[in-house]
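Following the hints, put chain L in place on chain D, whose structure we already have.
Chains as they are written, first to last, in our numbering: chain D, 44 to 130; chain L, 7 to 377.
Derived by calculation from the structure, the hints in this document are not laboratory data.
Quick reminder that beta carbons are idealized off the backbone N, C-alpha and C, glycines included.
Check the hints yourself; a few may be wrong.
[What the hints assert, rightly or not] Derived Cβ-Cβ restraints for the label pairs, each shown as a range:
1) L:Glu368 with D:Phe74: 56 to 66 Å
2) L:Ser44 with D:Arg90: 51 to 61 Å
3) D:Arg90 with L:Gly92: 46 to 56 Å
4) D:Pro77 with L:Ser44: 18 to 28 Å
[To be verified] Here are the simulated EDC-like pairs of lysine to aspartate or glutamate, each with C-alpha atoms no more than 20 Å apart in a straight line:
5) L:Lys376 with L:Glu327
6) D:Lys112 with L:Asp239
7) L:Lys376 with L:Glu366
8) L:Lys376 with L:Asp239
9) D:Lys112 with D:Glu82
10) D:Lys112 with L:Asp234
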Amino acid sequence: MNHVLIVCRSVTQAQRVGMILTSAGITNRVFRSPMGLTERGCSYSVRIAQQPLRQALQLLHDHHIQPVKIVSQDAYGYTEVGQHDLL
Amino acid sequence: MIYFDAAATSFQKPKAVVQAVSSAMSRYSSPGRGGYPSAQQASRLLLQCRMELAELFDARDPEQVVFTTNATHGLNIAIRSLVRPGGRVVISGYEHNAVTRPLHSIERLSIHMVNTPLFDQAAMLEGFRSLVTPQTDVVICTHVSNVFGYILPIEEIAQLCRERSVPLVIDASQSAGTLPIRQSQLQASFIAMPGHKGLYGPQGTGVLLCGAEGTPLLLGGTGSSSRDQAMPDFLPDRLEAGTHNVPGIAGLLAGVRFVRSLGTERICRHGQILKDQLADALSGDPRYRVFHTADRSLQTGVLSFLPRDTDGEVLCEALGEAGFSLRAGYHCAPFAHQTAGTIQTGTVRFSVSAFNTGGEVEALSRFLRKR
Numbered sequence: 044m045n046h047v048l049i050v051c052r053s054v055t056q057a058q059r060v061g062m063i064l065t066s067a068g069i070t071n072r073v074f075r076s077p078m079g080l081t082e083r084g085c086s087y088s089v090r091i092a093q094q095p096l097r098q099a100l101q102l103l104h105d106h107h108i109q110p111v112k113i114v115s116q117d118a119y120g121y122t123e124v125g126q127h128d129l130l
Numbered sequence: 007m008i009y010f011d012a013a014a015t016s017f018q019k020p021k022a023v024v025q026a027v028s029s030a031m032s033r034y035s036s037p038g039r040g041g042y043p044s045a046q047q048a049s050r051l052l053l054q055c056r057m058e059l060a061e062l063f064d065a066r067d068p069e070q071v072v073f074t075t076n077a078t079h080g081l082n083i084a085i086r087s088l089v090r091p092g093g094r095v096v097i098s099g100y101e102h103n104a105v106t107r108p109l110h111s112i113e114r115l116s117i118h119m120v121n122t123p124l125f126d127q128a129a130m131l132e133g134f135r136s137l138v139t140p141q142t143d144v145v146i147c148t149h150v151s152n153v154f155g156y157i158l159p160i161e162e163i164a165q166l167c168r169e170r171s172v173p174l175v176i177d178a179s180q181s182a183g184t185l186p187i188r189q190s191q192l193q194a195s196f197i198a199m200p201g202h203k204g205l206y207g208p209q210g211t212g213v214l215l216c217g218a219e220g221t222p223l224l225l226g227g228t229g230s231s232s233r234d235q236a237m238p239d240f241l242p243d244r245l246e247a248g249t250h251n252v253p254g255i256a257g258l259l260a261g262v263r264f265v266r267s268l269g270t271e272r273i274c275r276h277g278q279i280l281k282d283q284l285a286d287a288l289s290g291d292p293r294y295r296v297f298h299t300a301d302r303s304l305q306t307g308v309l310s311f312l313p314r315d316t317d318g319e320v321l322c323e324a325l326g327e328a329g330f331s332l333r334a335g336y337h338c339a340p341f342a343h344q345t346a347g348t349i350q351t352g353t354v355r356f357s358v359s360a361f362n363t364g365g366e367v368e369a370l371s372r373f374l375r376k377r
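Same shape as in the complex, but just chain D:
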């Protein structure tokens, strides 16, 4: 199953994203970002299914939260997704 990773700048932001998504019924998991995704070093990401991504981004927008980037994850690796295209 394909997933989307919401890459966050800090653990605080990631936990906050996780909490907001959980409140909206979107299943998610906060975890350490894979090193290949983080040009600046350690960070945390929130993994969700592909399907509720648009809803998730709208929620983050409503809460004035700007993730570092969104990447989709499939069997071949990670691909960055344009956030604005989805909103």
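Just chain L, lined up with the frame of chain D:
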């Protein structure tokens, strides 16, 4: 022992605070440093505490709630962020050394102090109006005098600063948990507060509400942006280098919940009633000078008094032997004594928490009247 030094630290803590600290010692590891459960749970605890503090102080964004070790730490960050050598600062005449010492260390700083009589809010406002100019780099003002419990007109001072586009730093050491503080209305650049006084958390905890860019006081690991050698450019990480005081923050969260369950209005009223009780008991005794106003909009549950027939420290020593914990001296605020005219003597300070009772105040009153 009957404790009346809550303005220094609220010695009596809710049981939930003690339990939270103890439980945290065996539940949480280092937040923001790993992906395993105890680290993630620690991160969630910190976020929960930031969120509840943001709600209590009406701050928009929990990421702008920064944990410090005490109010002094937060004030040092605020001053380092906003004050430059050769700058111009306006402060009230009731500031603590936590403000004046960091300012004193900055070269060629022009410090303008609003020295106005105790409990005279109108004169104080007028003083700020005349001293705050477009050339002022920052206004730093305590919300409540730690010596006299005097409530400064902080909303009006904040409005003045907004009108003149001057950043404001508020020292909420004596008001956090006791008076309403609404960052969304005040729009202060920084509000610093301890966790261990009116918020009933453990010592070693403090909070800095940030409304402006902060300059770090400590540099080091944050668990984020680790390849950058500059500190992160986002909060709270920018101002929180090093491992957090997780057990302390767990206790602080329990303390914040205690405050929210009672409500700041109720806590403040309780303190004011006890303060009035002691003031009434001492006011008729010519051996004491009491710094009191009956107007409850002007004083919290902190009362300074002065024995006319002996030294304040000598009286406090006697009080201690009789089982009462009060503090004498300058209370780290010499300018407040200069402003109020007590610089030669200092004062004896009585300050209460939600745990003090009228019976305890009656026992103190009896001792002071009979000695």
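Numbered hints the structure breaks, given as an ascending list: When the structure is compared with the hints, numbers 2, 8 turn out to be violated.
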